[in-house]
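S.K.: Let's have the full structure, built from the sequences with the hints guiding it.
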Amino acid sequence: MEVLEGPVRQVRVVLNSNYAVAYAVRDVDVDVIAAYPITPQTGVVGKLAEMIANGELEAEMIHVESEHSALSTIIGASAAGARVFTATSSQGLEFMHEVLHIASGMRLPLVMSVATRAVSAPINIWCDYSDLMNVRDSSWITFIASTAQEVYDTIIEAYMVAEDPRILLPVIVAYDGFWMSHTYEPLHVVADKRYVRSLVPRRDRVKLDPLKPVTMGSLVGPDWYYEIKYQQVEAMREAYDIIRERDRDMGKVLGRRYEPVEAYNIDDAEIAILTYGGIYGSLLKSVDRLRAEGYKIGAIRLRLWRPFPVDELYKVTRGLSTLIVVDRAISYGASIAGPVALEVIASLHRMRVDLDIVNYVAGIGGRPVAESDFKGMLELALKLGRRARELGTLYWGVRGVNYE
Amino acid sequence: MEPYTGEYEVLTMSELRIRGVRDLPREELFAPGHGLCAGCTAGTIVRHLLKVTGRNTVIVNATGCVEVSTTMHPYTSWRVSWIHVAFENAAAVASGVESAFKVLARKGLIDMSNQYP
Numbered sequence: 119m120e121v122l123e124g125p126v127r128q129v130r131v132v133l134n135s136n137y138a139v140a141y142a143v144r145d146v147d148v149d150v151i152a153a154y155p156i157t158p159q160t161g162v163v164g165k166l167a168e169m170i171a172n173g174e175l176e177a178e179m180i181h182v183e184s185e186h187s188a189l190s191t192i193i194g195a196s197a198a199g200a201r202v203f204t205a206t207s208s209q210g211l212e213f214m215h216e217v218l219h220i221a222s223g224m225r226l227p228l229v230m231s232v233a234t235r236a237v238s239a240p241i242n243i244w245c246d247y248s249d250l251m252n253v254r255d256s257s258w259i260t261f262i263a264s265t266a267q268e269v270y271d272t273i274i275e276a277y278m279v280a281e282d283p284r285i286l287l288p289v290i291v292a293y294d295g296f297w298m299s300h301t302y303e304p305l306h307v308v309a310d311k312r313y314v315r316s317l318v319p320r321r322d323r324v325k326l327d328p329l330k331p332v333t334m335g336s337l338v339g340p341d342w343y344y345e346i347k348y349q350q351v352e353a354m355r356e357a358y359d360i361i362r363e364r365d366r367d368m369g370k371v372l373g374r375r376y377e378p379v380e381a382y383n384i385d386d387a388e389i390a391i392l393t394y395g396g397i398y399g400s401l402l403k404s405v406d407r408l409r410a411e412g413y414k415i416g417a418i419r420l421r422l423w424r425p426f427p428v429d430e431l432y433k434v435t436r437g438l439s440t441l442i443v444v445d446r447a448i449s450y451g452a453s454i455a456g457p458v459a460l461e462v463i464a465s466l467h468r469m470r471v472d473l474d475i476v477n478y479v480a481g482i483g484g485r486p487v488a489e490s491d492f493k494g495m496l497e498l499a500l501k502l503g504r505r506a507r508e509l510g511t512l513y514w515g516v517r518g519v520n521y522e
Numbered sequence: 021m022e023p024y025t026g027e028y029e030v031l032t033m034s035e036l037r038i039r040g041v042r043d044l045p046r047e048e049l050f051a052p053g054h055g056l057c058a059g060c061t062a063g064t065i066v067r068h069l070l071k072v073t074g075r076n077t078v079i080v081n082a083t084g085c086v087e088v089s090t091t092m093h094p095y096t097s098w099r100v101s102w103i104h105v106a107f108e109n110a111a112a113v114a115s116g117v118e119s120a121f122k123v124l125a126r127k128g129l130i131d132m133s134n135q136y137p
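Protein chains in written order, with this note's numbering: chain Y, 119 to 522; chain E, 21 to 137.
FYI, nobody ran anything at the bench for these hints, they're computed from the structure. Where a beta carbon is used, it is the ideal one built from N, C-alpha and C, also for glycine. One thing to keep in mind: the hints can contain errors.
[Stated by the list, open to error] These stretches of chain E come out as covered by chain Y in the derived footprint (C-beta under 8 Å, 3 or more residues):
1. 69–78
2. 83–94
3. 101–111
4. 120–132
[To be verified] Below, simulated DSBU-like cross-link-like pairs (lysine-lysine); rule was C-alpha separation at most 30 Å, straight line:
5. Y:Lys311 / E:Lys127
6. Y:Lys311 / E:Lys122
7. Y:Lys414 / Y:Lys493
[As the list claims (entries may be wrong)] Some but not every residue of chain E turned toward chain Y, in silico, with C-beta under 7 Å:
8. Phe50
9. Ala51
10. Ser115
11. Val117
M.R.: Right under this line is the structure:
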């Protein structure tokens, strides 16, 4: 993250990422919130309920009986013209699955935060990205944040992108359950929320208006369905440029500019480790130490998962000889079990870049990934050489698994 | 259809004075030409339902016969705003629609007094 001078007065506060979401939702003046409590997300809507009770936010909070209803409710509210929000994790996100596709197919500008968590069974409330990766193909624009500051900024950016009349797609802002949702960090929030509201002006769009009757969610047969779905393909593709524009706007006004793919110490690097979410902080520390030990290594972070930033990834990886991708979810039975690694390999193949890509799966079910783990992954990859690539995916830190 | 330009007396459900078919409004808010089977009662029910509710209505329709038979893209039989989301969640969607109107009116973002009676 590049720190720039911004013209807007901001105050320094200490928040966990759940609360950072709530502050941003308050600042963009959301109208309708519906949610069902699930760990580790609960703090988000708990804080929002408090803000509504204190009069800091004028919104309707609907307590629903399930996540399926939570998403259905904000679909109804958004269709009626309201600015809406929900938050969930793990089983809640899975329970929404059917409706996720309807939300994007109806082109509604919803915003949802996801404090990522492992999925059952066995039941596990701790962090990994299995829940998020499971909803990959539901046509939601998806950001993965790595600090509480970025969570706050990205929620605001999410509304700017979702409500853009050229896009009108729902947006997920994800961050690590517990590692981020329950740990406190210093961050800056905008002092005057009217300023944030000026960033997300109220725009007219097609809505359920008794004066101008519309039919939304109609039956579409084989003669039209494909064209309508192709419009989603186009919207997702166009969203990439709009996100880049909004990244630049955020840099100008808030002094913090984000990139879809961020890199550290990459210019002269021969090897890089790519990951996403909160563990990027540990990776940066690890890279500093490995540099001191003489490794020509850099770090890469994926911030934008959908639409996937192929060009930006190409720019930071083209000079490398080895790329280690550390995934935090498992696609069972896949040729490459790490969902991000699979995407990285496909993207670089498309760009005609051939480098050794080693995929690790780590941190499943909340198992910590520390600086020493990144060092261990690097050393094992170098020791295995070509074999690491042939193995497809290496499961880091599982008892009883040995690749040497 | 001609846009409605006249005036209605605003009546609550309990004040409606519809005692027989002659008292029903002439305005048709459910258009003919839908795809329901000949003789199906659903069409008659919807047609009369809309005569009672009037134009100031948003219909939330669960997946089913009425939904698929009345909204075959690019056509619609509905002259009021209508939404379908899925099979099992019409009530949840309706709660969102209602809450949206309430809060948007409270915040001054829509003018409810400007609606059709």
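S.K.: Indicate, hint by hint, whether the structure satisfies it.
M.R.: Going through the hints against the structure:
1. 69–78: Result for this restraint: holds, n = 4.
2. 83–94: As far as the stretch 83–94 of chain E goes, the hint holds, because 6 residues have Cβ atoms under 8 Å from chain Y.
3. 101–111: With 8 residues closer than 8 Å to chain Y, the stretch 101–111 of chain E meets the three-residue bar; holds.
4. 120–132: holds (count 9)
5. Y:Lys311 / E:Lys127: 16 Å, holds
6. Y:Lys311 / E:Lys122: Within the cut-off at roughly 23 Å; holds.
7. Y:Lys414 / Y:Lys493: It holds: about 13 Å lies between the C-alpha atoms, which stays within 30 Å.
8. Phe50: With Cβ-Cβ at 12 Å, over 7 Å, it is violated.
9. Ala51: 11 Å, violated
10. Ser115: Since chain Y brings a Cβ to about 5 Å from Ser115 of chain E, closer than 7 Å, the hint holds.
11. Val117: Constraint on Val117 of chain E satisfied, holds at 4 Å.
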